[in-house]
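S.K.: In case you want the letters, here they are:
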Amino acid sequence: MRERQTIAELLRDADGALDRRRFLKLAAAVGAGSLVPWRALGGWGESAASAQEIVQKAPMQMARFPEKTDLILLTDRPPQLETPLKYFQKDLTPNDAFFVRWHLAGIPTSVDLSTFRLELGGHVEKPLSFSVDELKQKFEPVSVISVAQCSGNSRAYFTPRVMGGQWGHGAVGNAKWTGVRLSDLLKAAGMKSGAVDVSFAGLDEPPLTETPKFVKSLDVAKAQEPHIIVAYAMNDADMPMLNGFPLRLIVPGWFATYWMKMLNRITVLDKKFSGFWMDKAYRIPKNAEGNEDPKDLAKETVPITRFTVRSILVKPEPAEKISAGEAYEVQGVAMDSGKGITRVEVSTDGGKTWGDAKLDAELGKYSWRRFRMDWKPTEKGSYRILSKATNAAGETQVQQLWNRSGYQRNVVEQVEVNVA
Amino acid sequence: MNAKIKASLGLLGALALAACADQGAGRNVNAAPTGSAAAGTSGQVHTIEMPKFQSDLPEGPGRELVATACLSCHSTRYIAMQPPLNAAKWEENVRKMMKTFGAPIAEDQVQPIVQYLMATRESKISSGSWIVRAANTERKATPKLDLTSANLEKGKAVYARACASCHGEKGAGNGVSAGPLLPRPTNLTHAAYSREFMADAIFNGVPATAMPGFSTLSQDDLRDVVAYSLSLGQKPADAKASGDVAVAKDLYQQHCMNCHGADGAGDGIAAGTSPRPPANFKVKQPTNHHAMMIISDGVAGSTMPQWKAKLSEAQRMQLAEYVRGFYQE
Numbered sequence: 001m002r003e004r005q006t007i008a009e010l011l012r013d014a015d016g017a018l019d020r021r022r023f024l025k026l027a028a029a030v031g032a033g034s035l036v037p038w039r040a041l042g043g044w045g046e047s048a049a050s051a052q053e054i055v056q057k058a059p060m061q062m063a064r065f066p067e068k069t070d071l072i073l074l075t076d077r078p079p080q081l082e083t084p085l086k087y088f089q090k091d092l093t094p095n096d097a098f099f100v101r102w103h104l105a106g107i108p109t110s111v112d113l114s115t116f117r118l119e120l121g122g123h124v125e126k127p128l129s130f131s132v133d134e135l136k137q138k139f140e141p142v143s144v145i146s147v148a149q150c151s152g153n154s155r156a157y158f159t160p161r162v163m164g165g166q167w168g169h170g171a172v173g174n175a176k177w178t179g180v181r182l183s184d185l186l187k188a189a190g191m192k193s194g195a196v197d198v199s200f201a202g203l204d205e206p207p208l209t210e211t212p213k214f215v216k217s218l219d220v221a222k223a224q225e226p227h228i229i230v231a232y233a234m235n236d237a238d239m240p241m242l243n244g245f246p247l248r249l250i251v252p253g254w255f256a257t258y259w260m261k262m263l264n265r266i267t268v269l270d271k272k273f274s275g276f277w278m279d280k281a282y283r284i285p286k287n288a289e290g291n292e293d294p295k296d297l298a299k300e301t302v303p304i305t306r307f308t309v310r311s312i313l314v315k316p317e318p319a320e321k322i323s324a325g326e327a328y329e330v331q332g333v334a335m336d337s338g339k340g341i342t343r344v345e346v347s348t349d350g351g352k353t354w355g356d357a358k359l360d361a362e363l364g365k366y367s368w369r370r371f372r373m374d375w376k377p378t379e380k381g382s383y384r385i386l387s388k389a390t391n392a393a394g395e396t397q398v399q400q401l402w403n404r405s406g407y408q409r410n411v412v413e414q415v416e417v418n419v420a
Numbered sequence: 001m002n003a004k005i006k007a008s009l010g011l012l013g014a015l016a017l018a019a020c021a022d023q024g025a026g027r028n029v030n031a032a033p034t035g036s037a038a039a040g041t042s043g044q045v046h047t048i049e050m051p052k053f054q055s056d057l058p059e060g061p062g063r064e065l066v067a068t069a070c071l072s073c074h075s076t077r078y079i080a081m082q083p084p085l086n087a088a089k090w091e092e093n094v095r096k097m098m099k100t101f102g103a104p105i106a107e108d109q110v111q112p113i114v115q116y117l118m119a120t121r122e123s124k125i126s127s128g129s130w131i132v133r134a135a136n137t138e139r140k141a142t143p144k145l146d147l148t149s150a151n152l153e154k155g156k157a158v159y160a161r162a163c164a165s166c167h168g169e170k171g172a173g174n175g176v177s178a179g180p181l182l183p184r185p186t187n188l189t190h191a192a193y194s195r196e197f198m199a200d201a202i203f204n205g206v207p208a209t210a211m212p213g214f215s216t217l218s219q220d221d222l223r224d225v226v227a228y229s230l231s232l233g234q235k236p237a238d239a240k241a242s243g244d245v246a247v248a249k250d251l252y253q254q255h256c257m258n259c260h261g262a263d264g265a266g267d268g269i270a271a272g273t274s275p276r277p278p279a280n281f282k283v284k285q286p287t288n289h290h291a292m293m294i295i296s297d298g299v300a301g302s303t304m305p306q307w308k309a310k311l312s313e314a315q316r317m318q319l320a321e322y323v324r325g326f327y328q329e
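Chains as they are written, first to last, in the working numbering: chain Y, 1 to 420; chain X, 1 to 329.
Don't read these hints as lab results, they were simulated from the structure.
Computed from a prediction, not measured in an experiment: that's the story for all the values here.
Cβ coordinates follow ideal geometry from the N, Cα and C atoms, glycine included.
Check before you lean on any hint, since a few could be wrong.
Claimed, not checked - Short derived list, chain Y residues pointing at chain X, Cβ under 8 angstroms:
1) Thr75
2) Thr159
3) Leu208
4) Thr378
5) Lys380
6) Gly381
Please model the entire structure based on the sequences and the hints provided.
M.R.: Have a look at this one:
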């Protein structure tokens, strides 16, 4: 039974995970010299990106940051680190492999728990201040397994391409988060009538003070949803500093832009929150898919919020070598905003025919759900593998999506492999 | 294959070579010792040490400007990572950095920056690269040195052998090898340095610069060259700000503190990710003239921006005097 599995079991390497050496060999086979061209695949319905596009993308490098394993280095300062796909062959993403994204270079490199306090104030009856220990002692601990996904996950695959962090599919991870309910904290402080929004800020600061500090907000109804927690543990361990130690806001089903790291200030407001990171950044066109035409940008935008339905092919990886006549298991993960993934279809012939993949057991409505599909290619040649997820509400993935900021991609992806 | 693609492939080849040279056999850009080991908990205090990467910029007109206008907030990889953009799009982004994020860029600097980005990104300029390199941050305890027994003549000889090619014969930072180095070799004549700071910089080197550590020097040679290098600099002065100290302090807190720290010790909140440590004014006292120059123009290749686009001359002078007051030897 899934429920009886330990965190250690959920984190265990799946058989056949690419080890680093094999990954490097594979990388060398694809790239020029020791470097892998960034994102060699185009989007749905297109062939590989043009040679010119490939060579102009930054080469892929690995880097090891504190409390992290070797991750794909998008940027070093502030750090943006992407999780290699092989780690998604597990139910839970290990803490040291979990992706990292900071906006501002003023990141504290030291946190003293004896002086650290989470301040809760603003439009409340009783402003409160908690040490991490007090949070653990005074409030009921709760856990949720939830996907954290960057709004710009898979941005590198947008066509036409857009500015921003050029993430592949690895700005995402699934973890068990443990902490206290935000609603319990708000109840303890007593929101005054007329409360409208709740804002969240962390310890990080911009080097230049004119740069807007990273602050996000939820409206009071959303903030009181019982599954939103202030987490002090990730996969039953302390969070790595770069993932938000000592406290992180967890908003299951919503993009990680709201998951404030190093959370130290919660403010209840009697009016709508206004700030750069809500008013100008992290916004999508105001329609169900978040879609717009590059030549005719949407007039109205809204803050990005919940995940749309999507699946990510984890195995095979691009350019992986597969042998004809041998059994192979296609693997992937599928997620949505909490209604639950009910079906994943896989095609191994470029989308001509589709079959239902086997779904692993559910780990909770905000967790991703892994899928598998047996495949035995008989003929040698080039194959395109695709996957398409559907949730309990019948929502599925889109064939095409574009927006100016490269957010919320949930296009049916394809991976091209060579069977030899 | 058209000419443009060929040129791009040429650049990729150059990048690959540069990366191989920097990283040896592995593709990990920072060696393991700066990784998982650099975290720890002592009592209630949890600390990490960030790996440091030195930004690299291809040579070309506008290079120093870009280095002092952009790198305070983000490293060069933020630029190198972007897809191909036209000049209008780059200009839009430079203006966004100015307007939204407060980048200290003057109006007449916008076009030179855009032209540099276009030229280097389209590989019209082929030398240098946008690759960041791991910066060595490993530091050993510096030996205790008795400078009273130092021999300045011998120190001068060591300096001539080990230092002059970058720092120049007289310490003005203009040696023959200074060439395109960013940050430039330090001009040793424009500041007073504490003995400990000078000894540490020579013994361990300076992270994210071309300054290597000379830990293999004999104890006597180290002592002599530290004494000689100090002799090239200024005598510490009792610096008193002439203007309104409260105004200067306010300016400092607004514009300098996040990197240089509340007390000038180079330990502000953004110092932990800064490749070259922000100046620690407790151990380095620049002359008024030098401080004014640095504040105005920035330090290309470090995270110190140019402030002449943002602050008036009077404000910059107030800050120059103010930071001198932190010195304590």
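S.K.: Now, for every hint given, state plainly whether the structure supports it.
M.R.: Structure-based check of all given hints:
1. Thr75: holds, 5 angstroms
2. Thr159: This interface hint is violated because 10 angstroms lies over the 8 angstroms limit.
3. Leu208: holds, 5 angstroms
4. Thr378: violated, 36 angstroms
5. Lys380: violated, 28 angstroms
6. Gly381: Violated: closest Cβ of chain X sits about 26 angstroms from Gly381 of chain Y, beyond 8 angstroms.
The structure shown violates the earlier hints numbered 2, 4, 5, 6.
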